[in-house]
Amino acid sequence: MSDAVIELAGLTKAYNVGTPVETEVLHGIDLSLAQGEFAALIGPSGSGKSTLLNIIGLLERPTGGRLSIGGRDTAALSEAEITALRGRSIGFVFQFHHLLPAFSALENVMMPAIIARGAPDDEAEATALQLLDAVGLKAHAHKKPAELSGGQQQRVAIARALALRPRLILADEPTGNLDTHTADDIFALLREFNRQTDCACLIVTHDPRLAARCDRTVRLVDGRLAADC
Amino acid sequence: MKLRLPFAPLVALRFLREGRMQTLLILAGTTGGVAVIVFLTQLITQLQAQIVDRVLGTQPHVVIRPLEEANRRAFDDPASTAVIEPRAQRLRSVDQWENVARLAAAMPGVTAVSPTVTGPAFAVRGQANKSVALMGIDAERYRRIVRMEEYMVAGRFAVDGTRAVIGSELAKDLGIRLEDKLRVALPNGRDELLQVGGIFDIGNKDLNRRWVFVTLPLAQSLLDLPGGVSNLDLTVADIFDAQAIAERLQGATGLTVDSWMQTNAQLLAALRNQTVSNNLIRSFVILIVALGIASVLVVSVVQKQKEIGILRAMGASRAMILQVFLIQGALVGAVGSIFGSLLAFGLLNMFSAIYRNADGSPLFAAELEPRFIVLAALVATGVGLASALIPARRAAKMDPVQAIRS
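Heads up: the protein sequence lines correspond to chains A and B, in order.
5 is the number of the first residue of the first sequence in my numbering; add one for each residue after it.
1049 is the number of the first residue of the second sequence in my numbering; add one for each residue after it.
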C-alpha cells in the first residue's frame, strides 16, 4: 500500500492513563486511506469519531498502536516535526468553521502559507485568491468572517484547508450547522476538490444522506470499527 | 509594494487591535507609568544638578592645604605622663606650592589649579569697619575655579596693583561704589589702601560681605607670607571624581587635601537619599506596569484560546505562539514609552511654568534628554517582554484540541 495517505494499525487512545478513572475510548483501530479516497466517518455520539479525527490530524497522540502519515511513522517524531507535518500535509475543516475573526477571508485562507513560510508573500495571496474564486467568494475576499453568512464562512474554511494543497483533508461535521441546501453545496465543493487535487478526504458526519454520497463509509461504534464499506 | 509583516508581529498586532478596550487600558497604564518615571527622573536629575552647581559655584572641588601643626614630645618616655596642648594653627604656606600645583595640574581629571592666599583683615572706611577675608588670587586662574565673571554686578573681575574686587553686601555696608577707596587693616599692623575695581553678587550674603579679592603678591605681603600660598584650589572634570582625586593627591603630596564631597557631606547624603527614594518609586511603578501588562495578557490568552488552537492546528509551532504574545507585551511597552515620554514632556512644560524660582526664572528647564527617552523605551519594552513571558508560555503550552473545543 504505497499510496496510502494514512495508515492506522491497532491504534488505541486512553485518557487519564495511570489514574483510577483511566478510560480507553479507542480500542485498536485498523484503518487506511488511499490517495484520492473520499470517506465518511460515521457513528453515534461518544463513539470516538472526533478523537479518531484529532489523532489522525496529529492534534492528539495515540496511546498505543501505529499511525503513519504518507508512509511516515509518527511515533518517533518530535513535537516540532509533528507540528510541521500537520501544517504541511493536513487541512482541517471544523464544524464551526473556526476562522480567525481578526483577519479577513483572504488572510484566513493565506494563514497556513503564512505559518509555513513565516510571512505573507505574493504566491500565498495569489493561491488564496484563486481558492476563494473557486469557492465563489472572490468578491468577499476582504470581509471579516463576522460579515459572512454561515455557508460563506464554511466555504472560506474549505478554501483555507486547501491552501497548502494537503494530501489529506479532515472535516469534522463540516455541514453540521448548515441548512440542507447549503450543506449540499459545501459537500459538493469538498467532493470537487477531492477530484481535482486527488487528496484523500475523511469526513465526520451525522447525515446518512451525505455519507451515502461518499466512496466509502467507516462506521465507528464504542471505539471500534463496526463497518467499513 | 505592500508592507508585509511576518507571522508573529502580524498576529500580535491583530490580537491587540481586536481587544480594543483592553489594549487601550493597558496602553494608558504603561503610558502613565513611563511618564511618571521619565518625568521624575528628569526632574530630580535637573534639580540635583542645579543644587550641586549652586553649591559648587562658589567653592573649589578640591582644596590642598598645609598639614596642621601639632605638638609632639621630643622623648617618648612611657614612665612619665604629660599633657600635650593642641597647638594654635598659624597661617602657613603650602610647602613648595609651585611643585604641588604642577603635580596637581598634571593629574588626570584635574582641569584647573589656582593658588590662593587667604587671611583675616578689616575693611575700614571712615568710622565703619568690617571683618573680611582677604583673598590673594590670580584672577585669570581663579576664574576657572569660581566663575566670578558671571556674578559681577559692577566693574570687572580683575585685580592689579591695589585694585580690588569686593562683594555687594560689603559695598553696601561701607557705602562704596565703583572706583571708591577702601582701607584694609590687618591684625599684624599692616594696612593698605585699595581701589574697588569690581563688585560681585555671588548669591550668598555672607560671602558678599566677606570676600575681598586682591592680587597674590599684595595679599602675600600683607599676610606676611612672601612667596607662599595658603591653599591651592582645584577644579575637576567630573565632580563625583573629586574624592578619589583628593585621595590620590593626598597620597602623592602628604598634604591635607579636602574634596567638596567631604566638606558638603550632608548635601551628598541628601542627594543620595533622594536618589534612593527615586529608585524606589521607579521600581514600584515598573512593577505595577508589569503586573498590569501581565494581567491583561493572561486574560487575552484565555480569550484567544480558540484562535491559538486554530493556529496550532494549521501548523503554528509553540515557539510561534510564544512569540505572538511576547511581541504583544513588547509592543505595549514600546508604544507606551513613546506616549509616556510625550506625556512627561507635557508635564515638564506644565510644571516648569507653574513652579518658579524667587527671581521668576523656571525652577527647572522643560527639556527631555534623549538618553532618558531611549532608556525609557528600552526599559518599557523589556518590562513588557518580561511581563508577557508567563502568559505567552501559557498560550504556547495550550493543547490545541482543548483550545478548539473551548
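Treat the hints with care, since some could be wrong.
[Claimed, not checked] Straight-line alpha carbon distances no greater than 25 Å define the calculated SDA-like cross-link-like pairs of lysine to any residue that follow:
hint	chain 1	residue 1	chain 2	residue 2
1	A	Lys147	B	Ile1386
2	A	Lys142	A	Arg121
3	B	Lys1354	A	Gly154
4	B	Lys1354	A	Ala18
5	A	Lys147	A	Arg171
6	B	Lys1354	A	Ala120
7	A	Lys147	B	Lys1229
8	B	Lys1354	A	Ser93
9	B	Lys1220	B	Glu1240
10	B	Lys1178	B	Arg1258
11	B	Lys1178	B	Gln1137
12	A	Lys147	B	Arg1062
13	B	Lys1445	A	Leu133
14	B	Lys1445	A	Gly68
15	A	Lys147	B	Gln1353
16	B	Lys1253	B	Ser1216
17	B	Lys1253	B	Asn1312
18	B	Lys1178	B	Arg1140
19	B	Lys1253	B	Ser1269
20	B	Lys1229	B	Ile1287
[Said to hold, decoys possible] Chain A stretches covered by chain B per the calculated footprint, using a threshold of three residues with CB under 8 Å from any CB of chain B:
hint	stretch
21	13-25
22	61-68
23	120-126
24	132-146
Hints listed in this document are in silico derivations from the structure and should not be mistaken for laboratory results.
Keep in mind that this is a model prediction, so the values were computed, not measured.
Glycine included, C-beta positions come from ideal geometry on N, C-alpha and C.
Structure-based check of all given hints:
no.	hint	in the structure
1	A:Lys147 <-> B:Ile1386	32 Å, violated
2	A:Lys142 <-> A:Arg121	23 Å, holds
3	B:Lys1354 <-> A:Gly154	18 Å, holds
4	B:Lys1354 <-> A:Ala18	24 Å, holds
5	A:Lys147 <-> A:Arg171	28 Å, violated
6	B:Lys1354 <-> A:Ala120	20 Å, holds
7	A:Lys147 <-> B:Lys1229	93 Å, violated
8	B:Lys1354 <-> A:Ser93	22 Å, holds
9	B:Lys1220 <-> B:Glu1240	20 Å, holds
10	B:Lys1178 <-> B:Arg1258	8 Å, holds
11	B:Lys1178 <-> B:Gln1137	23 Å, holds
12	A:Lys147 <-> B:Arg1062	15 Å, holds
13	B:Lys1445 <-> A:Leu133	33 Å, violated
14	B:Lys1445 <-> A:Gly68	23 Å, holds
15	A:Lys147 <-> B:Gln1353	23 Å, holds
16	B:Lys1253 <-> B:Ser1216	8 Å, holds
17	B:Lys1253 <-> B:Asn1312	19 Å, holds
18	B:Lys1178 <-> B:Arg1140	24 Å, holds
19	B:Lys1253 <-> B:Ser1269	28 Å, violated
20	B:Lys1229 <-> B:Ile1287	39 Å, violated
21	13-25	violated (count 0)
22	61-68	holds (count 3)
23	120-126	holds (count 5)
24	132-146	violated (count 0)
Hint check: violations occur at hints 1, 5, 7, 13, 19, 20, 21 and 24; the rest are consistent with the structure.
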